[in-house]
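Chain residues, written in single-letter form:
Protein chains: 2
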Amino acid sequence: MSHSENVLVTSNDHFEVVEKTTIIDDSWPTHDQAVEDQTLDHFITREGKTFAGTHIIADFWGASRLDDLQLMEQALREGVEKAKATLLHIHLHHFTPNGGISGVAVLAESHISVHSWPERNYAAFDVFMCGDSQPELAIEVLKQAFTPTDVKVDNLLRGEVKIDD
Amino acid sequence: MSHSENVLVTSNDHFEVVEKTTIIDDSWPTHDQAVEDQTLDHFITREGKTFAGTHIIADFWGASRLDDLQLMEQALREGVEKAKATLLHIHLHHFTPNGGISGVAVLAESHISVHSWPERNYAAFDVFMCGDSQPELAIEVLKQAFTPTDVKVDNLLRGEVKIDD
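For the protein sequence lines, the chains are W and D, in the order given.
FYI, in numbering that gives the first Met the number 0 the residues of the first sequence are 0 to 164.
FYI, in numbering that gives the first Met the number 0 the residues of the second sequence are 0 to 164.
Note that these hints are calculated values from the structure, not bench results.
Treat the numbers as computed from the prediction; the structure is a model and nothing was measured.
A hint or two may mislead.
To be verified - Pairs of lysine-lysine residues, derived as DSBU-like cross-links and limited to a Cα-Cα distance of at most 30 Å, are as follows:
{"no.": "1", "chain 1": "D", "residue 1": "161", "chain 2": "W", "residue 2": "151"}
{"no.": "2", "chain 1": "D", "residue 1": "161", "chain 2": "W", "residue 2": "48"}
{"no.": "3", "chain 1": "W", "residue 1": "83", "chain 2": "W", "residue 2": "151"}
{"no.": "4", "chain 1": "D", "residue 1": "48", "chain 2": "W", "residue 2": "142"}
{"no.": "5", "chain 1": "D", "residue 1": "151", "chain 2": "D", "residue 2": "83"}
{"no.": "6", "chain 1": "W", "residue 1": "83", "chain 2": "W", "residue 2": "48"}
{"no.": "7", "chain 1": "W", "residue 1": "161", "chain 2": "D", "residue 2": "142"}
{"no.": "8", "chain 1": "D", "residue 1": "83", "chain 2": "D", "residue 2": "48"}
{"no.": "9", "chain 1": "D", "residue 1": "142", "chain 2": "W", "residue 2": "48"}
{"no.": "10", "chain 1": "D", "residue 1": "161", "chain 2": "D", "residue 2": "48"}
{"no.": "11", "chain 1": "D", "residue 1": "151", "chain 2": "W", "residue 2": "83"}
{"no.": "12", "chain 1": "W", "residue 1": "48", "chain 2": "D", "residue 2": "151"}
{"no.": "13", "chain 1": "D", "residue 1": "83", "chain 2": "W", "residue 2": "151"}
{"no.": "14", "chain 1": "D", "residue 1": "81", "chain 2": "D", "residue 2": "48"}
{"no.": "15", "chain 1": "D", "residue 1": "151", "chain 2": "D", "residue 2": "48"}
{"no.": "16", "chain 1": "D", "residue 1": "161", "chain 2": "W", "residue 2": "142"}
{"no.": "17", "chain 1": "W", "residue 1": "161", "chain 2": "W", "residue 2": "83"}
{"no.": "18", "chain 1": "D", "residue 1": "151", "chain 2": "W", "residue 2": "161"}
{"no.": "19", "chain 1": "W", "residue 1": "151", "chain 2": "D", "residue 2": "151"}
{"no.": "20", "chain 1": "D", "residue 1": "151", "chain 2": "D", "residue 2": "161"}
{"no.": "21", "chain 1": "W", "residue 1": "48", "chain 2": "W", "residue 2": "151"}
{"no.": "22", "chain 1": "W", "residue 1": "83", "chain 2": "W", "residue 2": "142"}
Chain W with its partners taken away, still in its complex shape (with noise of 0.2 Å):
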């Protein structure tokens, strides 16, 4: 098992970008796991349908902390956790002055990517997880951190095979 973070802050007058890259080899597949995650690679057919994944974009308005920059890396990680996912990867930037997040967790099974407007109180996140994965959980975690009082989703089915293929 290892763990590796990098963090690195730059700024100028007028900008800042905070780069923290965390490797996390713990959570990479062992050799029973990763057999399981082939599986998830391959396209899974539900009510009559085969297809890739499951892609939720949802739109947060009126929502709170969308600044905070350790809750949101907090809030994906245990959406990633909720929905049984594999995180491979998370990388966040933090703008100023509005302290707007910019950022994306890797995953075994797709991603979940964050753009927010602390002062619009609007996020803007989806989620994209394949196979048996439930990305649904991943977004009552986030309106769970982030207390949204308006919240847009759009439920998209990627790589949808067509009948006469």
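Guided by the hints, dock chain D onto chain W, whose structure is given.
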């Protein structure tokens, strides 16, 4: 101007991950660019609609070279450049045995993600850009790189402000 790049390769009998993290300090905003970049974080109004940005969801079918990590990185970088966006961070995973690629380019203006299934000749891209960038030009670069026979594209307006807001 500085430029740093880290490459980490980890593998076992069933799983290989190539971690490549490039920090492009010289593309970070200068003083003047930073002022301009801040305006990109602001919502824009076009044809009577106020919104944060455009999110293009693109499914490529019948595509080639979806297991080519070098081409993927090159296409993402060129797509960002053509769209006139600002690359902050790029991260790609290369899976075995199918050669699929998962990864993301984090931008000052949001992100481009990719998840590919070479055995299906299928790739799921999304290109989310705020402000005055042109995400559709990134899609054109990706088409030229991977030559899909069929492309399904959805254009989503993210963060559209309702009239009564």
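Against the structure, the hints come out as follows:
{"no.": "1", "hint": "D/161 x W/151", "in the structure": "12 Å, holds"}
{"no.": "2", "hint": "D/161 x W/48", "in the structure": "34 Å, violated"}
{"no.": "3", "hint": "W/83 x W/151", "in the structure": "23 Å, holds"}
{"no.": "4", "hint": "D/48 x W/142", "in the structure": "26 Å, holds"}
{"no.": "5", "hint": "D/151 x D/83", "in the structure": "23 Å, holds"}
{"no.": "6", "hint": "W/83 x W/48", "in the structure": "22 Å, holds"}
{"no.": "7", "hint": "W/161 x D/142", "in the structure": "21 Å, holds"}
{"no.": "8", "hint": "D/83 x D/48", "in the structure": "22 Å, holds"}
{"no.": "9", "hint": "D/142 x W/48", "in the structure": "26 Å, holds"}
{"no.": "10", "hint": "D/161 x D/48", "in the structure": "8 Å, holds"}
{"no.": "11", "hint": "D/151 x W/83", "in the structure": "29 Å, holds"}
{"no.": "12", "hint": "W/48 x D/151", "in the structure": "17 Å, holds"}
{"no.": "13", "hint": "D/83 x W/151", "in the structure": "29 Å, holds"}
{"no.": "14", "hint": "D/81 x D/48", "in the structure": "25 Å, holds"}
{"no.": "15", "hint": "D/151 x D/48", "in the structure": "25 Å, holds"}
{"no.": "16", "hint": "D/161 x W/142", "in the structure": "21 Å, holds"}
{"no.": "17", "hint": "W/161 x W/83", "in the structure": "28 Å, holds"}
{"no.": "18", "hint": "D/151 x W/161", "in the structure": "12 Å, holds"}
{"no.": "19", "hint": "W/151 x D/151", "in the structure": "23 Å, holds"}
{"no.": "20", "hint": "D/151 x D/161", "in the structure": "28 Å, holds"}
{"no.": "21", "hint": "W/48 x W/151", "in the structure": "25 Å, holds"}
{"no.": "22", "hint": "W/83 x W/142", "in the structure": "17 Å, holds"}
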